[in-house]
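Work out the full structure, taking the sequences as your base and the hints as a guide.
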Amino acid sequence: MPKYGHGVIGMEKQMESAVSTFNIEESPWGLKQGINHEDFLKIFDPLPEIKEILLTSENVEEARDKLRRFAEDLLWKYKNGDIDVDAMDRWLAIEAINVFLNIISEYGEKAAGFSTLEYLWKATKGDKRVLSIITEGFVEEFKHLFKAMAGVTGYSKGWLGPKLEAAGVKFVDFSKIKGRKAALMRSEYLDKVWEYIKSYLKKYPSGLDKHIIEKRKRQREKLMEYWGITEDEWFDYRWQFSHVLKREKGLETLRELNELGIVKVPEEDLKQVEIAVKYGIPWGITPYYLHLWDFENPYKEDRHVRRQVMPPTWYVSNMLQHREDREYYFDFMGEHDTSPLDLITRRYVTIAILKAYDTCPQICVYCQRNWEVLEPFMAGSFPGWDKIEAAIEWFGEHESMLDVLITGGDPLALSDKIIDKIMSRLSEFDHVVNIRWGSRIFVTVPMRITNSLAEILGSYIEPGKRNVSISTHFETAYEVTPEVAEATYKIRRQGIYIYNQLVYQRNVSRRFENVALRIALRKVGIDPYYTFYPKGKIEQKDYLVPIARVVQERKEEARLLPGQFRPDEPVFNVPRMGKNHLRAWQDRELVGIRPDGSRIYLMHPWEKGISETKLYTYPDVPIKEYLEYLESIGEDPNDYWTIWYYY
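Its first residue numbered 3, the sequence shown is counted upward by one per residue in our numbering.
Honestly, I wouldn't trust all of these hints.
As the list claims (entries may be wrong) - DMTMM-like cross-link-like pairs, simulated, lysine to aspartate or glutamate; straight-line CA separation at most 20 Å:
#, residue 1, residue 2
1, Lys124, Glu60
2, Lys419, Glu401
3, Lys159, Asp641
4, Lys423, Asp388
5, Lys172, Asp641
6, Lys219, Asp238
7, Lys543, Glu190
8, Lys266, Asp238
9, Lys53, Glu64
10, Lys165, Glu190
11, Lys127, Glu138
12, Lys219, Glu40
13, Lys205, Glu633
14, Lys205, Glu190
15, Lys217, Glu227
16, Lys204, Asp304
To be verified - Computed beta-carbon distance windows for the label pairs:
#, residue 1, residue 2, range
17, Asp129, Ile277, 40 to 46 Å
18, Gly128, Lys266, 48 to 54 Å
19, Ile353, Thr232, 41 to 47 Å
20, Ile353, Asp388, 21 to 27 Å
21, Asp418, Gly527, 18 to 24 Å
22, Gly263, Gly163, 45 to 51 Å
23, Ile264, Ile215, 16 to 22 Å
24, Gly460, Ile353, 18 to 24 Å
25, Gln588, Arg427, 37 to 43 Å
26, Leu404, Lys219, 41 to 47 Å
27, Ser417, Thr232, 38 to 44 Å
To be clear, the hints were calculated from the coordinates, so they are not data collected in a lab. For every residue, glycine included, the Cβ atom is placed at its ideal position computed from N, Cα and C.
In C-alpha cells, the structure reads:
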C-alpha cells in the first residue's frame, strides 16, 4: 500500500501535508485492528447494491466505474424526487453521496495519497491481510456513510428529538396551528427544551457558583498555610509570579502537597512531570491556577483544568523523542517561514504578531509554541528593547498593518513600564487602528490586572482613531472566577473589550460544555471570539477532537444560545497559511478514510478566491476513537450519534 501526503504525482505544487512521512497502516490512535469478514459485510445492509458491485468487480478500476454510475444514479433519484424520504434525510443523502464520490475518485486518491476504495474492495472480497489491519473506526465510517446515502439515519428527527419524545415532550407541527395558540404551544415546547439543556449544564460548574467559591476559599487557605503567607500576599501578582511551580523545586512542592494530603496528585502525573523536568520539557503551574483544582477528587470535576497543565504520557514521550529538533519538528504553524523579522509573524494582509515576551507564568500542554516557550519566566525571554524597537519600526513602515497583536508567551506578564513603552510607540502610527494584547493572564494570574495596568492600556484609546483590545483564552466555565470578574471589570471600564479564543480540545468537548463556558463569559463581560480546532500536532494526540465534533457543537449546541452569547467562529489554522473557517463546507473536502478510521481532509486556506494558493492535506482524529474516549470518562456515545454526518 502506498504512503500518503504530498509528493503525489502531479499534485506536489498544489498541496502540502501534515502526514507526508507516515504509512497509512500505522496509527497512533490505539483502535483495535482486525474485523471478521461476516461482520464487515453488514456495513452494506442499507445499500446491498454496493456490496454486489464490489464482490463482482475484478479490480479496483472496474469497481470504481460501477460505483460511480450507481452513486450518480442514486443522486439523481434524490434530486428528481424519486425516493420518498424526509426533506432533511434527502439533503443528508445528497451530501453523503457527494462525499462517497469524492472518496472513490482518482483525484481523491491522489489527494489522500492512497486508495480508500482499494481497502474497501479488498475487505469486501475477504482479503485476510486487509481485514487484519482495518479497525472499527473504518467500519463505522462506511456503515454510517451508507446509511446516510440510503436516507435511513433518522437524522431528520435530530439528536434531541427522540430524547424529548421519550421524556413525554411530543413534537408539534407548528405549521398546522395559528395565532396565540401556536405561540403558547411553541413557548411551552421551548421551555421544555431549555429544561433538557439545563440537565447537561449542571454537569459543568462555574467558578462563579457559590459552592465552588466556598470550596476554593478553603483550598486557598490550605495553600496559604502551607506557604506561610497572608491573604494580601496571595492576591499580589508578584508573589504569584515568584512562586510558580516549575523545575525540580515545583515538582518537590507538588509531591509534598500530595504527601501532606493537601492536593491529591496521581502517581502517574508525578512520574510524567519528573520526566519533563529531567529532560527540559515545558511544565509549570501558578499557585492561583493550582487552587482551581478539586484537591480531593482528581480528574472528576477538574479534568479540564488538570489536563491543561499536567502532561500525559504520550505527550512527554513524543517531546522526549524530538528534544534535539524540537524547534522545527513541533513548529506546526511554520512560524520560521512566516517571520519577516525577529519577533514578527505575518500570515495575513492587515495584521501581524509582535512576540514581545517569549515566556508565560504557566505552561499549557497543548501550546502551539511548545517548541519556543520552554518554561515559565524563562531567563532571557525578554528580547531586549532594541529588538522590540526594531520590530515596532517594521510595523511603522508597513501601512497595511491596521491591527497589531502583541503576544508571546504572555506579554501582560511584562512590567507596566515596558507595556506603556510599547503602547506609546505603536500609538505613533496613524495607520494602526487597533492594538491588541494576547494574554492568558486573566486565567493564570488574574491579580496581575491592576488598576494601574488597566489605566495604562485604556489611556491609548482615541475615539475615532484607535482602539485597544485583549484576546484571552478560557477553556472552561470552571476557570471563570470572582477574581476574573474583578480583573475584567477593571479592563472593561477603561473602554477595552476582551475576546476569548477557546481551543476546543477533547477535555472540554462534552455536550454543552462550551455552552456553559459561553454563559460564564457573558457574566464577566468577555465576548467569545474564536473556537479553535487544536493545531493537529501529533504530540498533542490526547487533546485532539474530530473536525466533525467542532462543527456539530456549533450547529447543535451553540445555536441554542442567543446570538450575542455565541459570536465565536470555529476555525482550523492551516500551517503556514492561516485560519480556515470550519462552518463553511466549501472550505474543506473529505477525500479519504484510513484503515484506522481517520478522515483525510483537503483544507482550503483563506486565500482561496483571492489569489493563487495551495491546499493542505490533514488526517483527522478517528470519530470512533473519540467516542470511546468520551465513554471512558462517563459520557454516553449515543448522545453524539449525529457526529458521523458532519463531513
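Hints, verified against the model:
1. Lys124 <-> Glu60: Satisfied, since the Cα-Cα distance of roughly 11 Å is no more than 20 Å.
2. Lys419 <-> Glu401: Violated, at roughly 27 Å.
3. Lys159 <-> Asp641: 14 Å, holds
4. Lys423 <-> Asp388: Given that 20 Å is the threshold and the Cα spacing comes to 12 Å, the pair holds.
5. Lys172 <-> Asp641: 19 Å, holds
6. Lys219 <-> Asp238: Distance of about 16 Å is within 20 Å: holds.
7. Lys543 <-> Glu190: 43 Å, violated
8. Lys266 <-> Asp238: Violated, at about 26 Å.
9. Lys53 <-> Glu64: Between Lys53 and Glu64 the Cα gap is close to 14 Å, so the pair holds against 20 Å.
10. Lys165 <-> Glu190: 17 Å, holds
11. Lys127 <-> Glu138: Holds: Lys127 and Glu138 sit about 18 Å apart, inside 20 Å.
12. Lys219 <-> Glu40: 59 Å, violated
13. Lys205 <-> Glu633: 15 Å, holds
14. Lys205 <-> Glu190: 24 Å, violated
15. Lys217 <-> Glu227: Given that 20 Å is the threshold and the Cα spacing comes to 16 Å, the pair holds.
16. Lys204 <-> Asp304: 14 Å, holds
17. Asp129 <-> Ile277: 40 to 46 Å: 42 Å, holds
18. Gly128 <-> Lys266: 48 to 54 Å: 52 Å, holds
19. Ile353 <-> Thr232: 41 to 47 Å: 43 Å, holds
20. Ile353 <-> Asp388: 21 to 27 Å: 24 Å, holds
21. Asp418 <-> Gly527: 18 to 24 Å: 23 Å, holds
22. Gly263 <-> Gly163: 45 to 51 Å: At 48 Å between Cβs, range holds.
23. Ile264 <-> Ile215: 16 to 22 Å: 19 Å, holds
24. Gly460 <-> Ile353: 18 to 24 Å: Given a distance of about 21 Å, which is inside 18 to 24 Å, the answer is holds.
25. Gln588 <-> Arg427: 37 to 43 Å: 41 Å, holds
26. Leu404 <-> Lys219: 41 to 47 Å: The hint (41 to 47 Å, Cβ to Cβ) holds, given that Leu404 and Lys219 are roughly 44 Å apart.
27. Ser417 <-> Thr232: 38 to 44 Å: 24 Å, violated
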